[in-house]
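*Asks:* Assemble chains B and C onto chain A, guided by the hints.
Protein chains in written order, with the numbering used here: chain A, 1 to 357; chain B, 358 to 650; chain C, 651 to 887.
Hints listed in this document are in silico derivations from the structure and should not be mistaken for laboratory results. Hints may be right or wrong, so weigh each one.
[As the list claims (entries may be wrong)] Covered, in the sense of this in silico footprint (three residues per stretch, anywhere, with C-beta under 8 Å from a C-beta of chain B), are these stretches of chain C:
| no. | region |
| --- | --- |
| 1 | 725-735 |
| 2 | 739-747 |
| 3 | 751-764 |
Beta carbons: idealized from backbone N, C-alpha and C, even for Gly.
Here is how the chains run, residue by residue.
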Amino acid sequence: MSPVTVEAGSPRHRALRAAALAGAGLVAVGLPFNSNPVVNGELTLVLVYAVAALGLNLLVGYCGQISLGHGAFFAIGAYTAAVLIAKAHVPYLLTVPAAALVTFVLGFAFGVPALRLRGLYLALVTLALSVATPPLIKRFEGLTGGVQGMAVPQPAVPGWLPLDPDQYLYLLVLGVAAALFLLAANLTRGGLGRALVSIRDDERAATTMGVDRAGVKTRVFACSAAYAGAAGALFTFALGFVAPESFTPLLSFSFLAAIVIGGLGTVAGALLGALFIEFVPQYAGSVNQALTGMLYGATLIAVMYLLPGGAAGLLGRVRRRLVEVAEAPPPGGRPTGETAIEAGTVSPSQGGGLPAV
Amino acid sequence: MGRFLQVVVDGIADGSIYGALALALVLIFRSTGIVNFAQGEMAMFSTFIAWGLHDSGRPLWLALLGAFVLSFLGGMAVERVIIRPVEGGRPLTVVIVTLGLFIVVNAAAGWIWGFTNRGFPRIFPSGTVGLGGVAPSIESLGIIAVLLGVVGLLWLLFQRTKLGLAMRAAAQNPGSSRLVGIRVGRLLMLGWGLAALLGALAGVLVAPRLFLDVNLMGGVLIYAFAGAALGGFDSPLGAVVGSWIIGVTETLAGTYVSAIGADLKVLVPLAIIFVVLLVRPSGLFGVPEVTRA
Amino acid sequence: MTALLEVEDLRASYGPVRALHGVDVTVEEGGVVAILGPNGAGKTTTLRALTGMVRASGTITFDGHRLAGLATERIVRLGVAHVPEGRGTFPALTVDENLRLGAYLRRDAAGVRADLDRWYRVFPRLADRRGQAAGSLSGGEQQMLSIGRALMLRPRLLLLDEPSLGLAPLVIRELFEVLGRVKREQRTTMLLVEQNANLALELADRAYVLEAGRTVLAGPAGEVRTDENVRRAYLGY
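Just chain A, with the same shape it has in the complex (with noise of 0.2 Å):
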């Protein structure tokens, strides 16, 4: 069966991917009342570090920067909010933002000397930070409850709605996560996705075409570490329970671990990538705990071996099998494989001409 083909941006194609996001929200939003609460609570939880997720790979799959250490924005944001929840009564949809603020502003506080440094260095001070997070939650005992960690009383279901809690907590992440999911969208479509993928390709070309890499790139960690605080925050509302055991640098290696499987790059891959972190050390757990870590770090390794492009890059291919997205012809009729940039017509803060990826 040859696949239909359909023009980008024309009325059929907007028409597909509306009914492909309805129908993928139809299924999201039916979920919570199919399934038993124990479920829902891993669904809720797939969805928080779909949002961590998302937030890294606008870092590392848009921007090509590796964080070994964004579980330590995760952990600001989930303590945060707790704090924010449990000591000062905060309303709790506030806390999501309040805590995307204050990882958005250490992200760039770190980011602007961090981000000065190669790939494997960043790495490795991005790592640093993740191992320091566990010992540094605990020193600080008076505000984040140390060891024992802190009860945070979770959202309660509103009278008028007729759920049960697990169902709404799902419900109420799902909300935001979409939310943010869109702003992720749009961020890439737009002309700062463009700017990354640019200074992804190539740098020194970037640099000339008068893209502002440094600050785009510390930008681009700054809102990657608040996604990971907006996550941490939904995470306290799943949990009502922070302690430092579930910050440690393992949580940042899942999160890299996600967008690899998932496939990097792209906004479905997050999800995907959520799906095998939080459902595959279960169901291999259950069978060994030492199997659980070697079927994960044998996935990574052959997911960079065979499948570069993740389970999202695999999907890709299949509904390229179905719908075949062609290119509309630029504007003027010029010859393919010209972008107006070269022709020297359009100039890039105009969002003319950078290759589609």
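*Replies:* What follows is chains B and C alone, placed relative to chain A:
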């Protein structure tokens, strides 16, 4: 004063252990440009092999020798089979592969030997040596001596032998090396084997001081990274000196600064990693990279 | 007498770009062959194809061995030394270490020492700098070092890629004098790619002219030298 010197000697001994692992990291970094996040776990695995050989009845020296040989071969195999396909690729790919390796080796060790901790036999006799007013332990002195011996041997290898020269050449300039007939691939394998051997050494030196379990080298790895970063990732001398500084600083801080208990000692190397990488990434002895702006 | 090096229908590409469209070259034992031509003609590509640095198709026969598809290290082990464009020295290693690396494949320590002494006499400036890092040498000295390094192998065939590139005229003269000595005293077979057609044709016995990946002229050096087109394009008169 005597106590102070003893603490310093212990710090240098700890630093020597970190230094052995840091040397392994630097060796691999210089030859392949890769930071091997799994170096510590490979060392832990080797230590378990030594333990297993000894536990099944063999004398300690034989168990150690066997573990060293197997580590050397294992390191070569890892380079050839797992790392070779992604060498020279994007840094992210290599980072993920070595992280994946970290997880696999850690889990494999748990699978084979379980997750409970156990003791590792002493390599050096217990007791102290009286030197003036100071009484450092035999173990500390022994560890320092072993490291110095290893450093000396490595120096001889790299500076005075044809093989060492070839390894240096292959690390600096693989293309030109091929033009003199050097089999670059084989020398890379050799480098990884040597690094694994150094890691195994670090493992068996530290195991008697801590409990042997799958998390043996996690902390040591961080300290080794700090030492290598401080000294400069492309400098073997830096790896050793940097690690000594880390070891002494950590031990002094843990002993004399009450705010930093055992739990928080790890913050010392982490802070050092931060400061060094942000202020002078090339470290004390490394060659600063010239970035063409 | 079969030639030491016989290249037939050599084709090579860099990705989608075809650089060589079927080049034939023959080099007799003990002879010097020059390859001339403008930039981008494929001269360097030819040499790189010979030492396996670029993938090529066609037949390359060296001393009875088929070279096509072999790894660089193996080709070198057969006795082919290549002085690449950009010299290929090891900048962080000393002059002495660079030369010793040239002899990496040799097993006769005494012979290596004798050769080292000889080359230090031929290149006295290198002798003065033997403990210095190769990267600190001038362009001309590095070129001498590369040639010395290649000769330390006692190669059957020496490939030289644009040895005069970036060097001052006086240094180039010196360089070609040395090459002349090597030709006379060692009888080393050489294949020389050069932009400086004058000096190359003085040294060579035979010459080829490449343009756009194809051989456009081949013959004894004397004939090539007097060819109209060559004179106008490459010799300046």
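*Asks:* Work down the list of hints and note, for each, if the structure agrees.
*Replies:* Against the structure, the hints come out as follows:
1. Counting residues of the region 725-735 of chain C whose beta-carbon sits less than 8 Å from any beta-carbon of chain B gives 5, enough to reach three: the coverage restraint holds.
2. Coverage of the region 739-747 of chain C by chain B holds. Counting CB-CB distances below 8 Å, 6 residues qualify, and the rule asks for three or more.
3. Against chain B, the region 751-764 of chain C contributes 4 residues with a C-beta closer than 8 Å to a partner C-beta. That satisfies the three-residue criterion, and the hint holds.
Hint compliance for this structure: every hint is met.
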